[in-house]
Each structure stands twice: as structure tokens, then as C-alpha cells.
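Enquirer: Given next are the chains, with one letter for each unit.
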Amino acid sequence: EAGVAQSPRYKIIEKRQSVAFWCNPISGHATLYWYQQILGQGPKLLIQFQNNGVVDDSQLPKDRFSAERLKGVDSTLKIQPAKLEDSAVYLCASQSLTNTGELFFGEGSRLTVL
Amino acid sequence: AQSVTQPDIHITVSEGASLELRCNYSYGATPYLFWYVQSPGQGLQLLLKYFSGDTLVQGIKGFEAEFKRSQSSFNLRKPSVHWSDAAEYFCAVGASGNNRKLIWGLGTSLAVNP
Chain W
258 EAGVAQSPRY
268 KIIEKRQSVA
278 FWCNPISGHA
288 TLYWYQQILG
298 QGPKLLIQFQ
308 NNGVVDDSQL
318 PKDRFSAERL
328 KGVDSTLKIQ
338 PAKLEDSAVY
348 LCASQSLTNT
358 GELFFGEGSR
368 LTVL
Chain R
18 AQSVTQPDIH
28 ITVSEGASLE
38 LRCNYSYGAT
48 PYLFWYVQSP
58 GQGLQLLLKY
68 FSGDTLVQGI
78 KGFEAEFKRS
88 QSSFNLRKPS
98 VHWSDAAEYF
108 CAVGASGNNR
118 KLIWGLGTSL
128 AVNP
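Those protein sequence lines, which keep their order, are chains W and R.
Just so we're aligned: the first sequence equals residues 258 to 371 in the numbering used here.
Just so we're aligned: the second sequence equals residues 18 to 131 in the numbering used here.
If you're looking for bench data, these hints aren't it; they were derived computationally from the structure.
Keep in mind it's a predicted model, so treat the numbers as computed, not measured.
Cβ coordinates follow ideal geometry from the N, Cα and C atoms, glycine included.
Do not take every clue at face value.
[Said to hold, decoys possible] Distance windows between CB atoms, simulated: (1) W:GLY285 <-> R:GLY45: 26 to 34 Å; (2) W:LYS328 <-> R:GLN62: 25 to 33 Å; (3) R:THR72 <-> W:SER275: 43 to 51 Å; (4) W:THR333 <-> R:ALA34: 29 to 37 Å; (5) W:ALA277 <-> R:GLY79: 34 to 42 Å; (6) W:PRO338 <-> R:GLN59: 23 to 31 Å.
One chain only, chain R, in its complex shape:
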């Protein structure tokens, strides 16, 4: 069955520290992979996506993610976290074809200490 796992429910980092949020997926075909961010009271905003090519993708707000097929992972990273990065982060997987419904992880809540 298709699934997305975000092992960390909640992470706290200090401002300026590096960040890695984990995402593992189970999917039969080559997936399209996404990271979304949700600030309090807001909708979800796309941070970055992978669908083919270079396995290291760059996104908005200084985020990047690396697709590792052998590990079925798509971890999100940022070298230096800012206080404004505190939010909920969701990983999602989808497919090409007619039905491109996304499968969502449960999210990781990020808190940033000053």
C-alpha cells in the first residue's frame, strides 16, 4: 500500500542551527515527491518538489531536499534555521497519470528557539 511516514512528530531547534526533517515513502512506481509548509492559520504552501532528474532539489526559503531511491527517502534540509521557519511541515507523494491524488504524511511540527 502507498504510504508516507514522517517519523518525527515534533522537532525543536535553535535559531541558526541546521535542520533535517525525515520523510520515507512506500510507492510502487517512481513517485513525484513534495514538501509543503503550513504556518499557523494558513493554507499549505509548496516548498519544493521532485519528479525527475537531479536528486537534490532546491526550494523556496533556503530549503533543499534529496531523493534517495535506495532508502525510499526524501528528507528536507536547511543549513541555518530562522525563527520564521517555525511551522508544520508535510511530506507528500503522488504519481503521474490520470489520478494524481497525493498521499500525505502526518506532518512534523517545527519549533525554533531564539
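Chain W on its own, in the form it takes in the complex:
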């Protein structure tokens, strides 16, 4: 079974530029999460999708962050314009509705904003 795929693995941009991250979850997993993990901290939930609907985006900075999962499969997270404090690893995770709730994570996309 293929795992959660994320790209790019690394991205360096200057502040005020834009960036997009892509995630392809495990096949059949209805729920998809985007997390932000700042160095030395735990993962912070940005947005939770179930199929193509948003379940929770209460911690997503909507003035600069957006995410979509149009067909209920893969997802894109965008930051525009980026700030220095957005430097972090962006983790995508997927979850099945039929198992005991564990999340399966991709390797993450590391963003450095200069």
C-alpha cells in the first residue's frame, strides 16, 4: 500500500512570495489533514477535510493560507504572501473512516522563508 505522498520536500522562498504544497493521501482515506510543525514543537492542525468538505479550519490563517481538496482525493495548501514565521514543516496526514483512527503521515514539506 502506497503511503501519503507530499511534494516538494523542500522549498526556500523570500517573504511575500507564494508557495504551494501538494499531498496525495492513502487510497480510500476519506479524511485529510494539514499540519504545521515549527522546529521543536508539536504538530498544529491547520485544516481537516472529510472527502471534499472542510471539517475544521479554525486555526488556518485565512488571510494568507488556503487549502482545497476539490475531488476528495489529493489536496493543495497555499501560502500567499509568505511571512518569516511561516518557516516550518507542513505535514499532510490521512485517516480512514473505518479503522481505529490512526493518522498516516507523509514525510512533510519543509518551508524556509527568507
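Please arrange chain R on chain W, whose structure you already have, making use of the hints.
Expert: Relative to chain W, chain R alone:
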């Protein structure tokens, strides 16, 4: 409010020594409990999970954890630590039902001395 506490921010043990990482939770219902490990530059990998039944659960890499309802704890243990176990360890709690978003602890960083 639902919460997960990992009291130890950082632990150092000698290779071959035993290990116990603490996790306490506050949750209204019977929780699903998870331990994840994150090696540098990697995503999070599930070590083990508890959702029902035997309160002592076995995981990968020789880890085990014990669910103690009376103490609201789910401590992670390993009898003999290997240098490759150096990583960040996260405890998380979730629930059954439609919204199975996980609540995360802040993590415990494990260093292993040779």
C-alpha cells in the same frame, strides 16, 4: 477541555537502559490513544495504539505502552534503548465518531548516550 500532557520535554538515557515516557490525558469519553515517533527530517510514524481490550499494548521497534484509566495515563516503555531510538515522541488522543481529530501532546525529545 480535552488535552494531552507530556511532562518531560527532554530525556537522556544511556544505550541499553530502560525508558519510560509519560503521557497524561484529559478526555470525556473513552479515548483512542496513540504514540508516534518522529526522527529528524521525517514525518510521524505510528508506534502503537490503544482503543480497547488489553491495556498493555505492544508496538513496533520493541515499544509497549500501558493504558491506566484510573490515572488517565498512557506511558510508553522500552526495556533496552538503542541509539537509533533517539527521536521526538508524541502522544495523542482521539475519539470514535465522525470527527476523529487527534489532540497532540507537545512531545518528548529523547537523546541516547553511547
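Enquirer: Against this structure, judge whether each hint is valid.
Expert: Against the structure, the hints:
{"no.": "1", "hint": "W:GLY285 <-> R:GLY45: 26 to 34 Å", "result": "holds, 30 Å"}
{"no.": "2", "hint": "W:LYS328 <-> R:GLN62: 25 to 33 Å", "result": "holds, 28 Å"}
{"no.": "3", "hint": "R:THR72 <-> W:SER275: 43 to 51 Å", "result": "holds, 49 Å"}
{"no.": "4", "hint": "W:THR333 <-> R:ALA34: 29 to 37 Å", "result": "violated, 45 Å"}
{"no.": "5", "hint": "W:ALA277 <-> R:GLY79: 34 to 42 Å", "result": "holds, 40 Å"}
{"no.": "6", "hint": "W:PRO338 <-> R:GLN59: 23 to 31 Å", "result": "holds, 29 Å"}
Checked against the numbered hints above, the structure breaks only hint 4 and satisfies the rest.
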